[in-house]
Every structure is written in C-alpha cells, then in structure tokens.
Amino acid sequence: MVPPQGALAPAIKPDIDIARLDRSLADEVMVRSGTNLKACYQCRACGNGCPFVQAMDYTPNQVLRLLQFGLREQALTCQTIWVCVGCHTCSSQCPMGIDLAAVMDTLRLLAVEEGVAIGRPNILDFHEEVLRSLEKYGRAHKLGIMLRHKLATKSWFQDLDVGLKMLAKRKLDLWPSKVQDIKEINDLFTCYWRKAL
Amino acid sequence: MSNLMDFSYFPGCSLATTAAESNLSMMKSSRILGFNLIELKDWNCCGSSSAGTLCKNLALAMATRNLSLAPPGRPLVAMCPRCLHYLRSAQNCLRNDAETRSKLEEQFNRPLNPDLEIVHFMEVLVRYGLDRLHDKARRSLKGLRFVPYYGCTLARPPRLAREKYFQGEMENILVALGAEPVTTALSNRCCGSFLSATDPQMVTPLVNKIIESAVAARADCLVTACAMCQLNLEIRGTTSNRLPVFHFSEVLALALGAEDYEAWFVRHIVDPRPLVEKLAKAA
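If you read the protein sequences in the order shown, they are chains U and F.
At position 148 of the first sequence the residue is numbered 228 (my numbering), and the sequence of numbers has no breaks.
At position 83 of the second sequence the residue is numbered 1074 (my numbering), and the sequence of numbers has no breaks.
So that you can see chain F by itself, here it is in the shape it has in the complex (with noise of 0.2 Å):
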C-alpha cells in the first residue's frame, strides 16, 4: 500500500510563479506535518477562465492532461481554488462522459482513473486532524486577527455542488493554531480576477470595500484561499489605511515554526514584517 502520506501536487501558473512565496511557505508546512507533495511531472496551466471563454475542448483538454499525469493510487492536490475547480470540472466530465474519456486517453496514450481524488491542499490539513495540527504549533499566533478571505471559487461554483465543500476550514485550521477569526468583514466578495489586468479601475474600488470591510472589523490581516485573490488585493488596494494581506500557507507555515520568512515576505507589496514582530513581542 502506498503511503498514505504521499500526494501528487499540483502548482499551477501562480504558485510557480507570481505566487511562488505560497509555494514556498505550502511545502515547508508540508515538511514540517510529514507530507510527501510530490509535484506532478510536465504539468500544464489547468486552462483558466482564458481557455473556457474560448474553446470548451481545448479547456477540458488542457485539464486533462494534467489528470492523465497523475500517477495511481494517491490523491491529487492543488492549491489554487481555480486550478482545483477546473481540474474538477473536467474530472466531473470525464466520470459522466466515457467516450470522450477514451478519446482522451488515447490522445495521450495515458490512462485516465475517473476515480482519482482532487483535494485542496486545506483538506489535507482537515484530514490529518486539528489536535495534531495544534500539538504541532511552535509559533504563537495568539491574538493575531485574520478575516479568512475565501474570495469566490474555492465554494461557490454550482457545478460542484455535490463535491466537498470547503467554507470554514481555514478558520478552523488557523483557530486550531491560536488565531482569531474576524467574520464579519467581505470574505467571500469577489476580488476582480482577470478584470484587474483588463480594466484595473474597476477592480480599484472592490478591492478598497473589501479591506475596508476589514479594518471596519478591526482586523490585523487577510488571509486568503487564493494566490490571485492575494495579488489583487495587495496591487489594486489604494486605501490610505493598508493591511498586510497572506497567504494561507504562509500563515500555517509561521505557526508550525518556520524560520524562513524572510524569502516570502520581501515579495509582499506591503509588508507583513512589523505584524510578525508585534506578534512575537506579545508571546
């Protein structure tokens, strides 16, 4: 039996590259915790929203063959909610739709398992279980304020409806590691997606309602399901009072003890340093 411990993991674009600080901090938590992310070989973009606004086909088989890449008996994890909706949604189509399937498969000359299980990295924490995740805490993160910032794709999309749900992890994930949720603020507003390379001075304005929400709330920070959410949030916000916004993983990573910070946290446009002080101060 293989081990249970192991995964096939899944980057994406944004985690390796603009987002490569949530790719670091992801696989030091995983080091940390004993997961075996082995990253799956000669992946490709998962199609994105680009792909589906153009061609059905071409974004089930961009899709796709990252699931054919996927070796057996051990579940597929991604980080980024898009990549992981898309991956789903193309799994969805190939349980229900065996022809296609078979054409797929001989394209690639791989076989495709409509079994496979597609996980997001935040399920994995779930799994391996909250006690142990506290017992594992080597950082204090003890007062520290977050609004756990789902942004729209990581629960919503009704296609999936049947799938697991993930609303509510993160705060029990960081709850379980001594931080405080903030409820109250726009978690689950959108935060612009591609519109903020299209036309930025519509993202501008969503992106100041949703961190103002956040100060209203008397929160510290932000931290977010998704390293496209997290980009926009820092690069569109253009309110005079700035809070530093995270990465998930990254704020994991602090907890479970990691030293290395430094190397992710000079790419934030504002910077979460003097917050990880005040926090280190107050232990």
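Looking at chain U on its own, in the form it has when it is part of the complex (with noise of 0.2 Å):
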C-alpha cells in the first residue's frame, strides 16, 4: 500500500535546531512505554500495516524517528498519536518487536501532561466526555457522551441519522446504568486534570 501524499510528506517539516534538541527525550518514552524503540530502523512495516494511516500527519515509524531526534514539540503536538486506537498492528508486525501502541499511549499521556496543543483536540475531547460520564455514574452512558460530544464539537448534524437509527432500535439507553456506591468511583477521580474537565 502507498502511503498517502500527506503522510509521507507532513505540511509542516520539522525545523530541526540541532542545539535545541531533547536528547533525553527517546530515553524517556522507551522508560515510561516498556519498549525499546532505538530499535527502530525504519523499514516501514508498521506505517504499512497501520488501518489508519491515511488520516494521520506522520506515519508510526515518523514518530520514532521524531523521538529519536528528540523533537520534543513535533512528537508531542502531532494528530497520529490521537488518531491511533491501540489496535496493534504495527506492534504485531514490527519485526524488532517495538510496542508502538505503547509508544502512543505514553506520548498522549505525556502530551496532556504538559498541556501541549492537542493534535485532535476533538479525540481529547470524547475521552474527556466518557471521563465525566464514568465519574458521574460509574459507567459510560453512550447517549449522554455522544450528546455532549457533539454539542462541544459543534457536529451535531454529523450523525443525526445513525443516532436517530440506533435510538428507533433502542441501542442508545436515554437513562445511564449506574454504580450504587458512587462516592468509590468519586474518589478514584483525584488526577490533577480533573479541573481541567
């Protein structure tokens, strides 16, 4: 499969400053995420492989490369890590045996550390309404967070006829399922984002 034109070819080239360089940066990730990613040696397999490749601005192996480089900003600030779902493929078919979904996951968590600008801010989003959903109730209430999804996002007309299809077969529960003893839930919610949301 050839990679789209805007995968391989980002808008934006990193400018890469030598002295302003986080060398640190890749020792860090391979620490948090449990894998070796120096291992890498850009054969592209995991780009390849990737179901969602199309939509992101640097294939998976360009983000280990941007780590490699340690350029911090270009890693933490771009769209692939949000795109990614965590369906490993490219984690199955690296043949130096690199987690790359793993990878991802450390650069989000990193990236809404630091408060970096969010690559797609509208991905940050659904998780932080399935957040609130889950410290309200416990559970995640599919209406409820699609709702107010698509209110923060201002796509409400997106989707109006799969929610009008799921809804007629009483797929989307309009009351949440709930935990009973809520305040156990209520205090598992302590991360320092929970201002934030």
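I should point out that these hints are in silico values taken from the structure, not numbers from a laboratory.
All C-beta atoms, glycine included, are put in the ideal place defined by N, C-alpha and C.
It is possible that part of the hints are untrue.
As the list claims (entries may be wrong) - Calculated from the model, a selection of chain F residues having no Cβ within reach of chain U, i.e. all distances over 10 Å:
(1) I1029
(2) L1107
(3) E1114
(4) K1127
(5) N1199
(6) D1211
Unchecked claim - A short, non-exhaustive set of chain F residues, derived as facing chain U with CB atoms under 10 Å:
(7) D1033
(8) C1181
(9) Q1192
(10) L1247
Got two chains here, separate frames each, mind docking them using the hints?
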C-alpha cells in the first residue's frame, strides 16, 4: 500500500535545530512505555500495516524518528498519537518487536500532562466526555457522551441519521446504568487534570 | 469445594446497554449449558481507552475496583475483549507490584487476589468441551458460512503476550456446532474503535473494506467477538451488499436451540432473520 502523500510529506516539515534537540526524550519514552524504540531501523512495516495511516500526519515510524531526533514538540503535538486507537497491528508487525501502540499511549499521556496543543482536540474531547460519564455514573452512558461530544465539537448534524437509527433500535439507553457506591468511584478521580474537565 | 460451573461475570458497559442482545443470548446459552454466571455486584466500567489515555492511575484503579468485587474460588468471566484486556492488564500490574496492590486493597477495604483467574467466555466453552457442546446442538448451523471476526483486542496486545491466546477458538466452537468458517476475509482488521464516534468519515472506508472482504469470500455473515466491533460494522457500513453481523453469543444460543431470538434480532440494523429462516429451511 502506498501511504498517502500527506503522510509522507507533512505540511510542516520539522525545523531541526541541533542545539535545541531534547536528547533525553527517547530514553524518557522508552522507560515509560517499556519498549525499546531505539531498535527501529525505519523499515516502515508499521506504517504500511496501520489501518488509520491515511488520517495521520506522521506515519508511526516517523513518530519514532521524531523521538530519536529529540523533536519533543513535534512528537507531542502531532495528530498521529490521537488517531491511534491502540489496535496493535503495528506492534504485531514490527520485526524488532517494538510495541508502537505503547509508545503512542505514552505520548498521549505526556501531551496531556504537559498541556501542549492537542493534535486532534475532538478526540481528546471525546475521552473527556467518557470520563465525565464515568465519574458521574461509574459506567459509560453512551447517549449522554455522544450528545455532549456533538455539542462540544459543534457537529450536531454529522451523525443525526445514525443516532436516530440507534435510538429506534433501542441501542442508546435514555437513562444511564449506574454504580450504587458512587462515592467509591468519585474517590478514584483524583488526577491533577480533573479541574480542567 | 465450589461448583465448577460457577463463574463471576463482568458484563461491562456495552453488554449492559448498547449490546444487550449479546448479554441476553450469552445468558441464554449459559442456562442451556448449565453455567452459573453470577454478575459482579455493583461493577463499574473497566476504564476503557479513555481512562487509559488520560490517567494511568485512574485506569488501574477502575479496573481494580472490579477485581476487588470478585469473590474467591471462582474465575471471572468477561465477554467484551476490551474489558478483558483492561482487567487482565490491571491484574498483571497488581501481581508484579505488591505495594500498589496493598494500597488499593486499603482504599477499597477489600482483599485483592493476585491469582484470580480472568477468562473470556469462549474459553469457558472450550473448557466445557467441544464434544459435549456438539451433543447439545439443537438447531442446525449446517451451511452457515461465517467470517470469524475477532477485531484487534482479543489476541493481539503484546503486553499480555504470555497470557492465554484466543485466536481460533471461535472457529473451533462454531465448527463443533456445524457452521462453516470462512478464513480468507479480514478477520483481525481493526473496526475503527472510538473513531466511529469522533471521526466517522475515517471509519466507514475501513468497515466497508472488512464487509467487502467477507462478501468476496462468499460468506453469509460475520460473527464478532466484540460488541463494539459489531456496532461499528453495523452502523458504519455503507456497502450495497450488507451482511448480517452477529454477536458470537447469538449464533451460539441459536445453535443450542434458543427460541427467543426475536428480541435480540430486532436490535440489529441489518436484519439477520432472513438468514436464520434460510438455515431452518435448509435443515
């Protein structure tokens, strides 16, 4: 499969300033993700197998390259890390056994922790809506999540037909299914970003 | 000794709501086979990808609360591959990190058993025995050409590589019940997961490719191991030739002779009833 032009030639080429490279970045991500990303020799098996590569600004191997080069900002602000759903196709295809999905996982956490500009804000918004639902009910209330997500991203009409079809099939419950001991759930929500939610 | 057919059961948010038909058919199958699935009392969401994305501690704590609710002496069964994955990841973590384990035990004021066995429902069936399962078949699946659609989570995450491997179990079980697997379609291609909610235009081509591969392989239907895959394949497909997409438990319950399938199939977007009638006629 030929990766799309956009993936091979990002609109904004990283401006590499050797004096500003973050040399500890690769090590930091390696420790947190528990995978040896320095073993990557750019064979592109990950990018060729990824079902979502068309929607990414960097292919997964290019993200590893950003890390190896110490391009912190580019790595944490790219869209690729948010488009990745963790299907592990890349991880299972990598000849060097690099768990790329774990790398993407780590980069998303770093991006949230450091408060950088998010590559795909709509996807972060969705995760936040899910967590709001979990904090409130202890379980995911899909109708509530979708309504709030559509409101936040101003995409009311994008999925109206599918939403109505799901309602008609009673696949979207109007009322949430709830955990009884909700205090025990609330006590788990102590993360630093909680106020931002 | 506790009954070998007793299991703790973790439904998860999908099976409790959107995919209630999967839950119903699984419970039906369990009753027929004599499994006693006891729902975890006051379970909560496993944390899902969203907790994992925003805070690892929260993800671990949410999954662990469920583990702390599991009584000793019987395995914990899950049907949703993602739930299974997050519960097992948490269990892995607790097993290797005694300090975190005792901290969480204190927080929930309940003991955590690091040896609690966490299995997928398919594994329960395989342990029950394919021969015994074959003997229990009451409705013929003869001639049903199905694509076993595992999606991405059941067998793949490398963090759990040393754990039980589920690839192939769906074929083994449904072949024992008379169906015919089609293995040349995209059985493990990702369905798009939560991108279906945030970027549907990205997911539709992926889903169409999966369904087209099944049509090209002359399959009658797809059978999914995952409730979210089932939903995505149904709501995001736009191909002219649509195939019914069953939850694995629905086909199982059909084969075991369940008669109350109407309640499950009205919840499908692609109506599987014509296919079920065709099977009945062929038998």
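Taking the hints in turn, this is what the structure says about them:
Against chain U, the non-interface label of I1029(F) holds: every CB pair exceeds 10 Å, the least being about 17 Å. Look at L1107(F): its CB is around 19 Å from the nearest CB on chain U, clear of 10 Å, so calling it non-interface holds up. With a least beta-carbon separation of about 20 Å from chain U, E1114(F) lies farther than 10 Å from that chain, consistent with its non-interface assignment. Residue placement check: K1127(F) keeps its beta carbon more than 10 Å from all beta carbons of chain U (closest about 30 Å).
Once the 10 Å rule is applied to beta carbons, N1199(F) is consistent with being away from chain U; the minimum gap is 12 Å. Against chain U, the non-interface label of D1211(F) holds: every CB pair exceeds 10 Å, the least being about 22 Å. For D1033(F), the interface hint holds, since its Cβ comes within 10 Å of a Cβ in chain U; the closest pair sits about 5 Å apart. Against a cut-off of 10 Å between C-beta atoms, the interface hint on C1181(F) holds, since the closest Cβ of chain U lies about 4 Å away.
Satisfaction of the interface hint for Q1192(F) is found here, the shortest Cβ-Cβ separation to chain U being roughly 9 Å, below the 10 Å cut-off. Of the supplied interface hints, the one on L1247(F) is violated, with its beta-carbon coming no nearer than about 25 Å to a beta-carbon of chain U, more than 10 Å.
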